[in-house]
Amino acid sequence: MPSFLPSQVNTAPVLTTRDLSVHYGNRPALEGISITIQAGDVIGLLGPNGSGKSTLLRVLAGLVPPSHGSCSFRGRQINGPTPGITYVPQRAGADWTFPISAIDAVLLGLGRSTPRFRPFGGGERSRAREALRQVEMEQHANVQIGALSGGQQQRVFLARALLSGGSVLLLDEPFTGVDIPTQTLFVSLFTDLKEEGIAIVYATHDLDQARDASDKVMLLNRRLIAIGPPDEIFHTSKIQEAFGGNVIVVNASETSPRIVAGGRKRQ
Amino acid sequence: MISWLTEPWTHAFMQHAFMAIILVGLICGVIGVFVILRGLAFLGDALAHAIFPGVVISFILGGNYLIGALIAAVIVSFAIGAISQGQRLSNDTAIGVIFAGGFALGVALLSTQQSYSRDLNSFLFGSILSVKQDDLLLTAAVGLVVLLVVYWRRREFTSIAFDRAFAQSLGINLWAYDQLFLIALAMAIVISLQTVGNVLVLAMLVTPAATARMLTNRLRIMVALSSLIGMASGMLGLYLSYYQGVPSGAAVVLVATGVFLVVFLVAPESGAITSRLRRRLHHGHPERDRFEDGAAVS
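Protein chains in written order, with my numbering: chain A, 1 to 267; chain B, 1001 to 1298.
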């Protein structure tokens, strides 16, 4: 793996989209998105349900083709799943009754570099253990995944992505339904990964958490409402534009305004 | 006892039958694990019925029924995929439509033959005692292909069954692997038709795998147990059929179902009775475990 000099980390664009639109049948899911994501960016993707957060992640992961416009990874057009871009889907999509242990689930992250006719060897297993250690799940390596808590399952998902490697990590709602220790762990892991020059884009519903864990937030409601550092983006008008309805920004203290979004308008 | 066990093996037709059922138990046991883990039991049943016209056409033309069945399987799996592509119909609705339609076509085609009722009977329930050496060789060869395909691509099949979205993001072509799996499944079904028949082949795919799932949380062990249970049920069923005159397909399936029920009740960890007993032994019950003076044992 090439080592990045600190000065290079935040300057190299890894993901670029240009006038990106996605339609499901006649229904538009995303319209005219143009963004640039640099190495080492940690971007929180915010928007109401149906705003296209998952769709954007899936387009960047090469799982959904754009209907219009383009997206590229290190200057190359994304035409499908691309080595170097790792996608962590929503936890709800996996079969948690599946007869597999945490470490075997993590080993699936090796994907195409998996040995074809022999069992996984010591090298692969120790890399998987290392990934589990990073998410503090080493002691649960041999537990059947269904016996793990929601937060632990999400940690296994992240460990599987870490084993996959790559310089872009796309996570679909990694903080949904997980406990506070897991959230804290993920935030500190994001910081570590950022230092390695890995760009992280994650969808979330929690505005406060997005502000705490991200360098930039991106407000999405089919169109790109705003992208930038949380302090610049979290203004009542922009949040209101993204979420609709009444939005209150409560200044609990000078440094950490609390945001309440999505309230209904009174008649 | 020894003679009870060896006596059926003195007949060539029984030797062939035993070998056929062992092969079918092994192959269906292995691929059946992926059928139940992906929740494809209905698809397995549907595929068995929908490839019926292919079998009948090759029978009428005097060709190899395996080839007819495989062509039908490919057409059926494409048709199911095409119908469920749209937003309005779910996959199992598409399977239901194709399954019934295909089976009806098979019955209609077969009815043009003079020996309609006898042929239909052997298609539906198998005719294990008529297995010839050639059939055995074909079963073994096709079965070997199925096992190799499953082994060769086991990690992709596992990844897809566990988490489709992630598998796709790894660059695994879901459509291609689904087709490959369907064709392997169709091959397993086709080589089981002669031994257990069209109607009961589902049991060979689902029951041993379901029994194995009750016994383990590890995929590798599940595959091994499933094929062992499939082979053992097959052999026991054949003995039952030989000595009690029960139709062989039914006997094999009944034994497999019996094994499942026993395991369902008394499996060490997940059994309906054992898990309840375990809870009773390990956790006090405030109302049940009460002394006469009203003090509960905890």
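Fair warning: there could be bad hints in the mix.
[As the list claims (entries may be wrong)] Selected chain B positions facing chain A (Cβ under 8 Å, derived; list incomplete):
#1 His1011
#2 Gly1063
#3 Arg1155
[What the hints assert, rightly or not] So the derived list for chain B, only partly shown, Cβ under 8 Å to chain A, looks like this:
#4 Phe1013
#5 Met1014
#6 Arg1088
#7 Leu1124
#8 Ser1127
#9 Ser1130
#10 Ala1161
#11 Arg1164
#12 Phe1166
#13 Gln1168
[As the list claims (entries may be wrong)] Derived DEER-like restraints, expressed as beta-carbon distance ranges:
#14 Asn1173(B) <-> Glu136(A): 33 to 41 Å
#15 Glu136(A) <-> Asp1092(B): 35 to 43 Å
#16 Gly1101(B) <-> Ser113(A): 38 to 46 Å
#17 Val1266(B) <-> Phe120(A): 28 to 36 Å
#18 Asp1092(B) <-> Gly93(A): 13 to 21 Å
#19 Tyr1116(B) <-> Ser113(A): 51 to 59 Å
#20 Gly177(A) <-> Gly1081(B): 28 to 36 Å
#21 Gly123(A) <-> Tyr1243(B): 26 to 34 Å
#22 Tyr1116(B) <-> Gly177(A): 37 to 45 Å
#23 Thr1093(B) <-> Gly244(A): 48 to 56 Å
#24 Gly93(A) <-> Gly1062(B): 22 to 30 Å
#25 Thr1006(B) <-> Glu136(A): 53 to 61 Å
#26 Pro83(A) <-> Leu1265(B): 29 to 37 Å
By construction, these hints were calculated from the structure, which means they are not laboratory data. On a predicted model such as this, the values are computed, not experimentally measured, just so you know. For every residue, glycine included, the Cβ atom is placed at its ideal position computed from N, Cα and C.
Hint check for Tyr1243(B) and Gly123(A) - Cβ pair distance inside 26 to 34 Å: Violated, at about 55 Å.
Please test the hint of 13 to 21 Å on the beta carbon pair from Asp1092(B) and Gly93(A). holds, 19 Å
Hint check for Gly1081(B) and Gly177(A) - Cβ pair distance inside 28 to 36 Å: holds, 33 Å
Pro83(A) paired with Leu1265(B), Cβ distance criterion 29 to 37 Å: Violated, since Pro83(A) and Leu1265(B) (Cβ atoms, about 49 Å apart) do not stay within the stated range.
So, as I understand it, the hint says Met1014(B) touches chain A; can you test that by seeing if any CB pair is closer than 8 Å? violated, 36 Å
Classify the hint on Ser1130(B) as holds or violated, based on whether any CB of chain A lies nearer than 8 Å to its CB. violated, 37 Å
Quick one: are Tyr1116(B) and Ser113(A) within 51 to 59 Å, going by C-beta? holds, 55 Å
For the restraint on Arg1164(B), tell me whether the closest CB of chain A is nearer than 8 Å. Status holds, d = 7 Å.
Is it true that Thr1006(B) and Glu136(A) lie within 53 to 61 Å of each other by Cβ? holds, 59 Å
Next item in the hint list is Gly1063(B). Is there a CB on chain A closer than 8 Å to its CB? violated, 35 Å
Taking the least C-beta to C-beta distance, is Arg1155(B) closer than 8 Å to chain A? holds, 5 Å
Has the hinted range 35 to 43 Å been met by the Cβ atoms of Glu136(A) and Asp1092(B)? Roughly 40 Å apart at Cβ, these two residues keep to the hinted range, so it holds.
The structure fails to meet hints 1, 2, 4, 5, 6, 7, 8, 9, 21, 22, 23, 24 and 26 from the earlier list, while all remaining hints are met.
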